[in-house]
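Engineer: Letter by letter, the chains look like this.
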Amino acid sequence: MQNLIRILGDRHAGFILCMMVVVNLIVGSLVMNSYPDLYPKFFHLDLNYFFRPVRIEHAWLYALLLTFTLFGINLLACIAESVARVVNNRGGRLKEYAALLFHVALVFAMLSHLIEGFYGSTQQLPITAEGVELPELGKTRVESLQNIFHPDGSLKDTQVTLSFDRPGGQQVSKEIAFNEPAIFDKGRRQVVMLSGQTIPSGLVIARNPDNREFTLKAGESLPLENGGLLLRGFFETGNGLPYAQFLWHPDNGSLQQRIMVLEAGAPHSQIEIDGISYRFNRITEAPFIIAIVRYNPAIPLMLVSLILASIATVMLIRWLATRNVS
Amino acid sequence: MTPQLIVTISIYIGICLLGVSIAASATGHHRAATAASYLYLLACAIFYAIRAWLKEFFPFTDKIESFVILSVLLVVCALIYRKKISNREFVVLHVLALASACVVFIFKDIIRYPPMFLYTVWYPLHVPVSFAAYAFWLVAGVSAVFAIPAWFRNEPESQERSSLMTEANRIGFVFFTVAMLFGGIWGYLAWGAYFLWDPKLHWAVILWLFYGNLMHIDRLPKLRRWKVPLYVAGIAMILVAFIGTSFFSQSIHRF
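In order, the protein sequences belong to chains A and B.
Residue 175 in the numbering used here sits at position 175 of the first sequence, and the numbers go up by one each step.
Residue 242 in the numbering used here sits at position 242 of the second sequence, and the numbers go up by one each step.
The following block holds chain A by itself, in its conformation from the complex:
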């Protein structure tokens, strides 16, 4: 057994295997940069992508997985040997412990990348005030959104309140912002905001004779006395003047188009329907965000790796400091 560990954990072989991993990564980087259509710009660690379908351009990744596996075996054998050595020399030196922890942390990191790559998932989607159904998180809605700006008008942060109707019936509310995602299941699930803003979702128009207000939602038809009024959407003229387009469908007649300038009191900010004029009152807005919804089952492993690497780094700093003093 000891002989097998010694053969598998050969330091020279380990060094060469690690350099092969490095070369593979360099080749991969060049290939990815040469085929931007094949490799999206914002590309999470999805290893399944490389196998659906198998392509010659992905050869570097297949080679990388192979060399990483061989390197991992070598690393495990080296760790086993080091553990035996540290146990035998009970008063192990700081440097040896630090090195051992670093190698164990590396194994954990490699494992967690593998698990994330094959079993993790990433979804990029808009979340609106109406809500979207997210797997395991339930119906998710944007409850409120506030943009914070710098004095020069550039965006500093966006603070959003999200509500989740969890599958168990529990309702959860989370505040998110840039660099502050909503985290669930001990970090395994995340909703990360990429951008957030409010968009015009409808219009309030007022009937001129009696000032009665009507609220229209984009894409929806509002029943009036002799027909239906559909708000088709919001547009802008060539010189930046915003306007809304309506379709008036009288009960006994053909479709008619109406245009309303979205500026109270401006010319053409009124439309006439069935002999009655309606004027623009205000725009109603709805918040929405573009979010990344992530599931990464390897987070606990990565956390272990992070803790081990942090301890090893502190030990290495101590060793470097004491060595320099002596």
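Keep in mind that the hints are not guaranteed to be accurate.
[To be verified] Result set (BS3-like, lysine-lysine): computed pairs, CA atoms no more than 25 Å apart in a straight line:
#  : chain 1 : residue 1 : chain 2 : residue 2
1  : A       : Lys139    : A       : Lys174
2  : A       : Lys95     : B       : Lys84
3  : B       : Lys200    : B       : Lys108
4  : A       : Lys156    : A       : Lys41
5  : A       : Lys186    : A       : Lys139
6  : A       : Lys186    : A       : Lys174
7  : A       : Lys139    : A       : Lys217
8  : A       : Lys156    : B       : Lys108
9  : B       : Lys63     : B       : Lys108
10 : B       : Lys63     : B       : Lys200
11 : A       : Lys174    : A       : Lys156
12 : B       : Lys63     : A       : Lys156
13 : A       : Lys41     : B       : Lys200
14 : B       : Lys63     : A       : Lys41
15 : B       : Lys55     : A       : Lys156
16 : B       : Lys108    : B       : Lys55
17 : A       : Lys95     : B       : Lys222
[Unchecked claim] A partial selection of chain A residues facing chain B, derived with a Cβ cut-off under 8 Å:
#  : residue
18 : Val22
19 : Pro36
20 : Lys41
21 : His150
22 : Leu155
23 : Asn179
24 : Ile292
25 : Met302
In short, the hints are calculated from the structure, not lab data.
Backbone N, C-alpha and C fix where the C-beta goes; we use that ideal spot for every residue, glycine too.
We have chain A; now place chain B onto it with these hints.
Structural biologist: Chain B in isolation, oriented as in the chain A frame:
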């Protein structure tokens, strides 16, 4: 005098001081060279303090600040290793620092508030720490370049130079590990992932593995001979990781 003007003047004075340091060192005026280097650091401290005040944040968020911090850290490394490196190595490190600082002549310096994704403590911690790693690794690389003649002649390289490479690599590795830990935490919070298939992150892993592996070479008698060329190759890898991925790739870290 506007704050922006003070920023410009301070870096211009700093660049002149770097030139003075190089000239003094090349002509054997070592004390003057060291003094000029310290004054350069002072000028850069003013440069960064005013930028931090104007940005209301850590001033490590644009390309000029990134290049100047690398320059500063190279000078710091040259001063730390002043007694261990030759005068020529000291000059070369200062020339690299000067080249890095001279980006202020290439890019227009507009001091803006940082983009929203950078508003976290993890990002500004991650940047200078990773540049400190680059600086220490460049010290090891420059030392390796000066060891090339001996390597060609198949003479055993000087023990001092070899241990300097190892020591600088160890410190660089510690800095880079810390930078990767901070960067990973930031990535998890900002993008939902500590790793993306992004050129910058890809090359960070490459550098970490490469230099981590190089720490073992002194214990490998059959491969020790390749120490010098590998450290020299490391310089090219740092340049790709820093400049290549920042300017010539599809990275989200692109300047």
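Engineer: Are the hints correct? Go through all of them and say.
Structural biologist: Each hint, compared with the structure:
Taken as a hint, the A:Lys139 and A:Lys174 pair is honoured in the structure, with Cα atoms around 13 Å apart against an allowance of 25 Å. For the hint linking A:Lys95 to B:Lys84, the alpha-carbon distance of about 23 Å falls within 25 Å, and the restraint holds. A hinted pair counts as satisfied when its Cα atoms are at most 25 Å apart, and B:Lys200 with B:Lys108 qualifies at roughly 24 Å. Between A:Lys156 and A:Lys41 the CA atoms are separated by roughly 24 Å; this keeps the pair inside 25 Å, and the hint holds.
The straight-line distance between the Cα atoms of A:Lys186 and A:Lys139 is roughly 20 Å, inside the 25 Å bound, and the hint therefore holds. Under the criterion of a C-alpha separation no larger than 25 Å, the hint pairing A:Lys186 with A:Lys174 is consistent with the structure, at around 15 Å. Restraint check for A:Lys139 and A:Lys217: the C-alpha separation of about 22 Å stays at or below 25 Å, so the hint holds. Restraint check: the Cα-Cα separation between A:Lys156 and B:Lys108 comes to about 23 Å, which is no more than 25 Å; the hinted pair holds.
The straight-line distance between the Cα atoms of B:Lys63 and B:Lys108 is roughly 10 Å, inside the 25 Å bound, and the hint therefore holds. Taking the CA atoms of B:Lys63 and B:Lys200, the gap is near 15 Å; set against the 25 Å cutoff, the hint holds. At roughly 20 Å between alpha-carbon atoms, A:Lys174 and A:Lys156 fall within 25 Å of each other, so this suggested pair holds. Distance check on the hinted pair: B:Lys63 and A:Lys156 sit about 19 Å apart at the alpha-carbon level, within 25 Å; holds.
Simply put, A:Lys41 and B:Lys200 have alpha-carbon atoms about 12 Å apart, close enough for the 25 Å limit, and the pair holds. For the proposed pair B:Lys63 and A:Lys41, the alpha carbon gap of about 21 Å is at most 25 Å, so the pair holds. Taking the CA atoms of B:Lys55 and A:Lys156, the gap is about 11 Å. The hint holds against a cut of 25 Å. Only pairs whose Cα atoms come within 25 Å are accepted, and B:Lys108 paired with B:Lys55 is accepted, the gap being roughly 17 Å.
For a cut-off of 25 Å, the pair hint linking A:Lys95 to B:Lys222 stands: about 23 Å separates their Cα positions. The restraint placing A:Val22 at the interface with chain B holds, with a minimum CB-CB distance near 5 Å, inside the 8 Å limit. The interface hint given for A:Pro36 holds, since its Cβ lies 5 Å from the closest Cβ of chain B, which is under the 8 Å cut-off. The closest approach between the C-beta of A:Lys41 and any C-beta of chain B is roughly 5 Å, which is under the 8 Å cut-off, so the hint is satisfied.
A hinted interface residue such as A:His150 counts as satisfied when its beta carbon comes closer than 8 Å to some beta carbon of chain B; here the least separation is about 4 Å, so the hint holds. The interface hint given for A:Leu155 is met, as the beta carbon of that residue sits about 5 Å from the closest beta carbon of chain B, less than 8 Å. The beta carbon of A:Asn179 comes within 4 Å of a beta carbon in chain B, closer than 8 Å, and the hint placing it at the interface holds. Interface restraint check: A:Ile292 against chain B, minimum CB-CB distance 5 Å, threshold 8 Å, status holds.
The interface hint given for A:Met302 holds, since its Cβ lies 7 Å from the closest Cβ of chain B, which is under the 8 Å cut-off.
The structure agrees with every numbered hint stated previously.
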